[in-house]
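2 protein chains.
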Amino acid sequence: MTEKTTAELENLRGLIDGVDSQLLSLLRKRLDLVAQVGTVKHAAGLPIYAPAREAAMLGKRRAEAEAMGVSPQLIEDILRRLMRESYMSEKDVGFKQVNPELGHIVIIGGQGQLGRLFAQMFALSGYEVRLLDKDDWDHADELFDGAGLVLVTVPIATTCSLIRERLDHLPEHCILADLTSVKGAPLKAMLETHKGPVVGLHPMFGPDVGSLAKQVVVVCHGRAPEKYQWLMEQIGIWGARLVEADAGRHDKAMQLVQAMRHFSSFVYGLNLCREQADIDTLLEFSSPIYRLELAMVGRLFAQSGELYADIIFAQEESLTAISDFIDNYRDALELLKTGDRAGFIARFNEVSNWFGNYSQQFLTESRAMLQSVNDMRSV
Amino acid sequence: MTEKTTAELENLRGLIDGVDSQLLSLLRKRLDLVAQVGTVKHAAGLPIYAPAREAAMLGKRRAEAEAMGVSPQLIEDILRRLMRESYMSEKDVGFKQVNPELGHIVIIGGQGQLGRLFAQMFALSGYEVRLLDKDDWDHADELFDGAGLVLVTVPIATTCSLIRERLDHLPEHCILADLTSVKGAPLKAMLETHKGPVVGLHPMFGPDVGSLAKQVVVVCHGRAPEKYQWLMEQIGIWGARLVEADAGRHDKAMQLVQAMRHFSSFVYGLNLCREQADIDTLLEFSSPIYRLELAMVGRLFAQSGELYADIIFAQEESLTAISDFIDNYRDALELLKTGDRAGFIARFNEVSNWFGNYSQQFLTESRAMLQSVNDMRSV
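As they're listed, the protein sequences go chains Y and E. Each step along the first sequence adds one to the number in full-length UniProt numbering, with nothing skipped, and position 198 is 198. Each step along the second sequence adds one to the number in full-length UniProt numbering, with nothing skipped, and position 373 is 373.
Simulated from the structure, these hints should not be mistaken for lab results. Hints may contain errors.
Intra- or inter-copy, both count: the list cannot distinguish identical chains.
Only pairs whose alpha carbons sit at most 27 angstroms apart, straight line, appear in this in silico BS3-like list of lysine-lysine [stated by the list, open to error]: (1) K60 - K29; (2) K96 - K4; (3) K337 - K29; (4) K60 - K227; (5) K29 - K4; (6) K60 - K96; (7) K29 - K188; (8) K337 - K188; (9) K252 - K337; (10) K60 - K4; (11) K188 - K252; (12) K227 - K188; (13) K337 - K195; (14) K29 - K96; (15) K91 - K29; (16) K195 - K227; (17) K337 - K4; (18) K4 - K91.
Chain Y on its own, in the form it takes in the complex (with noise of 0.2 angstroms):
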């Protein structure tokens, strides 16, 4: 490298570490004012998430981007990372209490990773919570006293089970709730047991998510909904997006959804293992694509086998479609011996049409994804 060009880099660097200076403040005052409309809206008890005054603000900011020379996509990325930001810190301003006259809350399993944070959000609300866990039950009927909500969130295998033989009085007002992932089985014994109000839910996320904002909840409708209405908006200015369904069609779905997937998945992984593949070595070779999708295999792992158990062996009908998929895989195996490309490239062509324009728009989606794995990598 010359001397000059030595300079000239050395000059534009420090103009930029500048730039980044001011891009540090200008972030920091940003992040600032959304708490205080943060606060405002807590004060308010309004929904911090709200998707269409979001879509206009991204849209307005496109369009000053474009006319200022800078890529639209890249000020909605900005700005989408930066909302992240101030949602995950929603949690230090707390939330409106929807229902202040409830009574207290019981949680059944507070001590699971999705029942602490369920605990903790609704701590967050104003609400008093209880937990009940194995050791408790002893003093169950006391912790029952006066409850307003019992939200089940104990281990799919159990839940029915512990609703019938543990749940059957309940005082009359108050609404029993689960947060199982399967739902026609545990709305049916909250049904049959309790006679007050009753709801099934499934939140649509991992315990690790730092905020509810854009998350989803499944709700099936038990009995007496205007009871347990609260509950609803609660979740709703928590920021999550509340999905109402049939208990059948939801389980139907979760069938293909997660036990099928899940079971996929730890087939590959068992795979991997059993062909003693050299972990180093894949990565070294992978795309980004391959490393994505490795990592999704991977990360099973780490969590727990008990907790995969439940929701594979959750529904005996999820058997069917893992059954299926070994006479599809046969049958596509077949073509690979044999050699028949032709026959491979028909089927391909049988399941490209089936998705229609869904698959090029999971290539628009894959491929935004990619690149921002893609960002991330450091060497």
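Position chain E against the provided structure of chain Y, taking the given hints into account.
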């Protein structure tokens, strides 16, 4: 909402508008300064991607952010996103030509997506590029005359026969290289057919990357590396990282990384299609993680069946990995059929131990990815 609340929110939103307008100016300014760095680097022939400098800069910014009470991860994410933007616009400036004495470059299969990308990169670096496609073999000798590099990028299935049948009389000083995702057989074919310098390359990315910055190109050395040293440098100047590998080890990894994974995604898509799953419903009940997984499967089918057939049928040895998978699937399915929950958990823990620390690393990595997927959500 009270009038006071409305007024307070209006006022704060006005202030945020002002901050965002300053933010846009700063982004414009920073992009311009980085473009100037690019121009200076271009003139001096320096690579656009300098990992060590990037890491140092990010470390410094993180510390500055911390001192200002801004989350270090926030500024890092924003700067990484900005760097992507800068890499993308490097193409507008062009790249240093490492070997101006080369003579022209012939790209066989230059109408393919990857061929077009490399043609573009070479052209942006000042090389004269000529494409040779199916219909051009009549005047192939003319195209080869005086060529410094012949680059083969045709479907895997035809690569070796094309090399052996068509490239046996290239000028002896000319470099022969290929971009096939399998390396052993093409390298052997090139070495046996051509007496001059030979090198096998495997770009570990799709043709739709906007920039080669941070992307990996695998290099399998063939003959006379000193003659194609400039090519390695040239690829480095485009921002890619070169990974030297033994062709056999590379191909073995590809059986698991590419063939196995694509095949199982293919069957997953086939299975959804045969089950006549309703994609709308699946998406309605999808957490961000499942949406991501569905997108990773669906994206396959937006692409060419021919291409995937090429990859999956490329190596006979892939059949072993793909067949082993069905055995492991069958074993795991047996656990499910017999309700052997304990057996499932035992297998799970076996795989978990095998993944070791990687599973935790993958969990952390995928969490960051899922957060950025969630940022993109609109409703």
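Hints that the structure is at odds with (numbers, increasing): 3, 4, 6, 7, 13, 17
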